Amino acid sequence: MSRARDFADLAGSADAGGLTGRNLIINGAMTIDQRNSGSALTVNTASEFYAVDRFMGIGVASDGVYTLQQVTDAPDNFVNSIKATVTTADASIPTTGRYLIRHKLEGNVISQLNLGSSAAQTFTLSFYVKSSLTGTFGGSVLNGAQDRSYPFTYTISSANTWERKTVTIAGDTTGTWPTDNTKAMQIAWSLGVGSDYLNTAGAWVGSQEWGATGETAVIATLNATWQITGVQLEVGETATPFEHEGYGTTLGKCQRYLKLGGAGVYGIYNSATNIEISIPFSPDMRATPTLSMAKTTVTISNKTNSNTADATSVSATNISASPSGAFFAQIGNCNVTSASSGHIAQFRTDEFLQLDAEL
Amino acid sequence: MNIENAQYSADSGENVCVNATIDGVTMSVPLDPANRHYAEIMRQVETGELTIADAD
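As you go down the protein sequences, you meet chains A and B in turn. Using this note's numbering, read the first sequence as starting at 1 and increasing by one per residue. Using this note's numbering, read the second sequence as starting at 1 and increasing by one per residue.
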């Protein structure tokens with residue numbers, strides 16, 4: 001793309017909503033991976049497997065399997081992509097089977113699109129994709145309730161070559177599209193979808209569809225690969241150049257949905273085994289988060305009696321919290337420092353708590 | 001989500017969260033309808049797929 005073309009597109013974007021902050025996708029460059037630090041995931045059930053922050057894969061139990069991983073193979077001007085590799089092929093996808101890469105958007109993020117009204121705006125999805133396969137591939141844009149869908153297709157012309165794809169969609173004038181902190185929109189890229197969830201590309205339908213009729217099923221080919229990065233969703237009919245942003249900016253956006261923490265947190269023993277802690281969240285999270293242990297072996301320093309030791313099988317209970325902080329969480333199985341009620345504890349393990357407020 | 005071993009946890013006699021094993025991970029889920037885990041727990045309770053044990 002020429003520089004003149006870039007400027008022309010940016011000017012169009014300014015008319016549509018602004019030069020910065022125009023990408024409604026979070027972590028579209030696939031740089032933030034708080035959960036896995038680049039390790040591969042095996043997607044072998046219908047559960048959600050987050051490859052990087054905000055982008056997940058789902059599969060089918062006891063059927064096809066693929067791995068999903070943040071990698072450093074990316075097009076020019078990018079560092080990362082996520083890569084799906086088929087390790088067990090499924091050439092006969094169950095009618096309700098779904099092999100997907102998916103991104104969910106909060107109502108607060110897409111409210112400017114006016115979806116579900118006569119003022120609905122046209123928007124454009126763009127992304128860089130690379131696959132060992134060529135042909136017509138599919139995906140879909142859905143509302144949060146999954147009763148409005150817009151299946152789309154894109155074509156990969158050359159195997160193992162990065163290509164940028166754009167899909168322009170006239171905003172849906174019907175259906176329910178939340179504008180609050182709940183799930184309002186989903187974007188799915190199909191790696192293979194059963195016939196119950198396929199429909200004709202290029203039009204809104206009042207049903208749950210995850211792919212487009214005639215699409216290539218990546219999952220059907222053993223060792224097939226499919227990669228994506230540079231995902232952008234913006235107001236208007238034109239795909240502008242990808243809006244790169246600082247690492248800290250993207251991390252902050254991701255932390256509205258997932259946060260790791262705990263290092264240096266102080267607490268008070270309320271028994272010989274349990275420690276009460278409080279953690280403020282900054283930024284506020286989307287909703288009150290689920291609390292779990294990212295690491296179950298934690299180094300605890302008892303500041304009252306100067307004992308320091310590793311506690312194993314540590315647990316966490318979410319007693320009193322809100323989107324702005326855990327006012328009272330209880331960390332259990334910490335009986336390693338000869339503690340008693342009232343002793344002061346300091347946690348010396350980094351990022352042992354996981355706070356999840358995903359959509 | 002595969003949800004197992006769901007049990008309320010109480011503080012001062014009031015339920016404050018649901019502790020459960022979700023997709024193989026032990027989690028403490030707040031009673032917030034906007035929380036995706038709580039929403040799914042309630043959906044599975046509604047359909048009879050899941051029962052939440054009382055707090056100890």
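Calculated directly from the structure, the hints in this document are not laboratory data. Keep in mind the model is a prediction, meaning the values are calculated, not measured. A couple of the hints might just be wrong.
Claimed, not checked - Stretch by stretch, here's where chain B covers chain A in the computed footprint (C-beta under 8 Å, at least three residues):
1) 91-103
2) 289-296
3) 311-317
Stated by the list, open to error - Residues on chain A that point at chain B, a partial pick, calculated with CB under 10 Å:
4) Glu48
5) Thr179
6) Asn181
7) Ser322
8) Pro323
9) Gly325
Glycine included, C-beta positions come from ideal geometry on N, C-alpha and C.
Should the interface hint for A:Pro323 be scored as holding, given a Cβ-Cβ cut-off of 10 Å against chain B? Interface hint status for A:Pro323: holds (9 Å vs cutoff 10 Å).
Taking a Cβ-to-Cβ distance below 8 Å as contact, does the segment 289-296 of chain A have at least three residues touching chain B? Check passed, 5 qualifying residues.
Coverage criterion applied to the segment 311-317 of chain A (partner chain B; beta-carbon cut 8 Å; 3 residues): holds (count 3)
Evaluation of the interface hint that places A:Thr179 against chain B, nearest CB under 10 Å: 14 Å, violated
When the least beta-carbon distance from A:Gly325 to chain B is tested against 10 Å, hint result: Nearest chain B Cβ about 12 Å off; hint violated.
Using Cβ atoms only, decide whether A:Asn181 comes closer than 10 Å to chain B, and label the hint accordingly. 6 Å, holds
8 Å C-beta test of the segment 91-103 of chain A against chain B, three or more residues: violated (count 0)
Given A:Ser322 as an interface hint, is the shortest Cβ-Cβ distance to chain B below 10 Å? With a closest approach of 8 Å, the A:Ser322 hint holds.
Taking the least C-beta to C-beta distance, is A:Glu48 closer than 10 Å to chain B? Given a least distance of 8 Å, the restraint on A:Glu48 holds.
The structure fails hints 1, 5, 9 (numbered hints given earlier, in ascending order).
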